[in-house]
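Since the structure of chain A is already known, use the hints to place chains B, C and D on it.
For reference, the chains in residue letters:
There are 4 protein chains.
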Amino acid sequence: MDAAETARRCADAMYAADLASQQLGITISEVGPGRATAAMTVTDVMVNGHGICHGGYVFTLADTAFAFACNTYDERTVAAGADVTFLEPVRAGTDLVATATERARRGRSGVYDVTVRTAGGVTVAEFRGRSRSLGEPML
Amino acid sequence: MDAAETARRCADAMYAADLASQQLGITISEVGPGRATAAMTVTDVMVNGHGICHGGYVFTLADTAFAFACNTYDERTVAAGADVTFLEPVRAGTDLVATATERARRGRSGVYDVTVRTAGGVTVAEFRGRSRSLGEPML
Amino acid sequence: MDAAETARRCADAMYAADLASQQLGITISEVGPGRATAAMTVTDVMVNGHGICHGGYVFTLADTAFAFACNTYDERTVAAGADVTFLEPVRAGTDLVATATERARRGRSGVYDVTVRTAGGVTVAEFRGRSRSLGEPML
Amino acid sequence: MDAAETARRCADAMYAADLASQQLGITISEVGPGRATAAMTVTDVMVNGHGICHGGYVFTLADTAFAFACNTYDERTVAAGADVTFLEPVRAGTDLVATATERARRGRSGVYDVTVRTAGGVTVAEFRGRSRSLGEPML
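Protein chains in written order, with the working numbering: chain A, 1 to 139; chain B, 140 to 278; chain C, 279 to 417; chain D, 418 to 556.
Extracted from the complex, chain A is given alone in its bound form (with noise of 0.2 Å):
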C-alpha cells in the first residue's frame, strides 16, 4: 500500500466513526500525505449572537481538515492544540473550505497550517494546529 492509498484508507476509517463532522455536513474532498481539504456550509444555526457564524464552526471546520491531514500515515494521532486568527466574518448560506498541509513533523510532534477560505476564495481563518501522535496504528 502506497502512501496516497495509506493516506485514503485512514481518511476513510476515521470518516465513517466521525459523527461530529458528518452531523455538520463537512465534506472531506481531498486526501493526501500531510493535507486534507475539507468543506461545509455555515448554516442558520451556526449564527451567534452578532448575527455571523459563530468561530467555533469556522474552527471546528479547520480543525476538521487539520485532523484529517495529520491521521495520513496510519498512526493514530490527536490534537495538541491549535491557533487561530479570523480575518473575516463568514454569513449564514457561505460555503466554507478549509485547506490543511504539513509544515513540520518532528518524533511524534507535528505542526500544520489551515487556511479556510469561501468557495470565492476570500480567506476567511488561517489556523495552525499542533499535532501528537499516540504512536499507534489507526488500519
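Since the hints were derived computationally from the structure, they do not count as laboratory data.
All of these numbers come straight from a predicted model, not from anything done at the bench.
Careful: at least some of the hints might be erroneous.
[Unchecked claim] Computed Cβ-Cβ distance ranges for the label pairs, DEER-style:
1. C:Val400 <-> B:Asp183: 40 to 50 Å
2. A:Glu136 <-> C:Gly413: 18 to 28 Å
3. A:Arg9 <-> B:Asp234: 29 to 39 Å
4. C:Val400 <-> A:Thr41: 45 to 55 Å
5. A:Leu139 <-> C:Glu414: 33 to 43 Å
6. C:Val323 <-> A:Ala17: 52 to 62 Å
7. C:Thr319 <-> D:Arg525: 26 to 36 Å
8. A:Ala17 <-> D:Ala433: 54 to 64 Å
9. D:Ala536 <-> C:Thr379: 32 to 42 Å
10. D:Arg508 <-> C:Pro367: 26 to 36 Å
[Claimed, not checked] Sample of chain B residues at the chain C side, in silico, Cβ under 10 Å:
11. Thr224
12. Leu226
13. Arg245
14. Ser248
15. Thr254
16. Thr262
17. Glu265
18. Arg267
Don't be surprised by glycine CBs; every beta carbon is placed ideally from N, CA and C.
Okay, now just chains B, C and D, sitting in the frame of chain A:
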C-alpha cells in the same frame, strides 16, 4: 445602570440572538464585567473519528464563554483570534463548564483566559482569546 | 528535600549554566514549585527600528521566567512553544518584571502563563508557554 | 517608486535605527513586499541553562524577519503578537536563517509566517506573527 447590570443586559441581548449557542444547548450561568461562565453537555453527535468529543466543540464552548465575557461593556466586540491547548480527551455525556476571565484590555484589544473543566473539576482545555472592539454600543 | 527546596536548587543549577540570562542582566528573584519571577532592565542596545524595545527581548524575559518555572520539579523540561501578545511599547531604561505561574500539567506537558510588567505595574505583555519534560532529572 | 524599491528603502531605514538587530549580528539579506530574510549566528552567550540556544534568541531572529516583512509597504507596523513552535535544539556556532512571508493582510492587521532553519536546511522553529499597522508612513 451599573457595570454588573450592563454586563447582564449585554449577555441577555447576545444570547437571544445566538442561535448557535442555543442550538448546542450552551447556557450562560454567570456574567459580570469581563467574565462569563458557559456550560454544555457533550452529546453523541459531537464525537469525532477517535470516539471522543471533537476539539471543535470544546473550542466552541470556550469561544462562547470568551464572547460573552468580552461583550460585557456595552461595546460590540468580536474575536480576533484564539489559542487553545487540549489537555484531556472528553467522552460523550460529559458536562463541561468554561470559565472566562479578562487578563488585559488596552484600547480596542483584549486578552481573555478560558478554562474548560468537567463538572467534576478536571481541566480539559486552556484557551486564550484575543478580542477586538468594533466601537459600537450593543444595547 | 521538600518541593520548595527542590525548586530553588533547580533554579540555582539552571542559572549557573544560563549564560544568555546572565549576559542580559536577567535576575531570578523568586522561585517555587511551578512558578518563577525574572527581572531585566531594558538597555539602549535592546531598541529596535521603531525606537522601542525589540519584542524579542520582552519575549526572552518572559521565556526565561517560564523556563525557570517549569524546571522546578527536578525534571529537565524544555519549551515546546509559546504565544505572546504585546500590549505596550517599552522604552529603553525600563525595569521589567516577568511573573510565571503554572496553569496546567498533564503527563510530560505543561502550560505556563507569564505576565510582563514594568516596575510601576503596567502590563506590557502576556505570554503563554507550552513545556515538554525530557524525563531526566536535573540535579 | 515601485513596490520592490519601497520595500528596500523601508528595510534600510528600519535597519539603520535597529540597534538590537545590529548588536546581535542579525543581517537582512533579502526584502520584498511582504517578505524578508534575516540571518544570525548563535554565539556562546546565547546559550541557556540546558546548554542550547535560549529560545528567546531564536524567537528574536524570527521576530526580526517578521518586523522587516510587515514594514515593506511604507506604513509603520508593529507586532501585536506571535506564536512560536520550537522543533529542534540549536547549538552555539549554528548559522540560522529566518524567512518571513505574508499569509494575509486585512485592514490594519496582518499574519506572517516565519520559518527558522539552519544553514544546512534543518527547520528549527516555526513562527507566526500578528501585525498591526499604526497608519503612519515610515519614509
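Cross-check of the supplied hints:
no.: 1; hint: C:Val400 <-> B:Asp183: 40 to 50 Å; result: holds (49 Å)
no.: 2; hint: A:Glu136 <-> C:Gly413: 18 to 28 Å; result: holds (20 Å)
no.: 3; hint: A:Arg9 <-> B:Asp234: 29 to 39 Å; result: holds (36 Å)
no.: 4; hint: C:Val400 <-> A:Thr41: 45 to 55 Å; result: holds (46 Å)
no.: 5; hint: A:Leu139 <-> C:Glu414: 33 to 43 Å; result: holds (34 Å)
no.: 6; hint: C:Val323 <-> A:Ala17: 52 to 62 Å; result: holds (56 Å)
no.: 7; hint: C:Thr319 <-> D:Arg525: 26 to 36 Å; result: holds (32 Å)
no.: 8; hint: A:Ala17 <-> D:Ala433: 54 to 64 Å; result: holds (58 Å)
no.: 9; hint: D:Ala536 <-> C:Thr379: 32 to 42 Å; result: holds (38 Å)
no.: 10; hint: D:Arg508 <-> C:Pro367: 26 to 36 Å; result: holds (34 Å)
no.: 11; hint: Thr224; result: holds (5 Å)
no.: 12; hint: Leu226; result: holds (5 Å)
no.: 13; hint: Arg245; result: holds (5 Å)
no.: 14; hint: Ser248; result: holds (8 Å)
no.: 15; hint: Thr254; result: holds (8 Å)
no.: 16; hint: Thr262; result: holds (6 Å)
no.: 17; hint: Glu265; result: holds (5 Å)
no.: 18; hint: Arg267; result: holds (6 Å)
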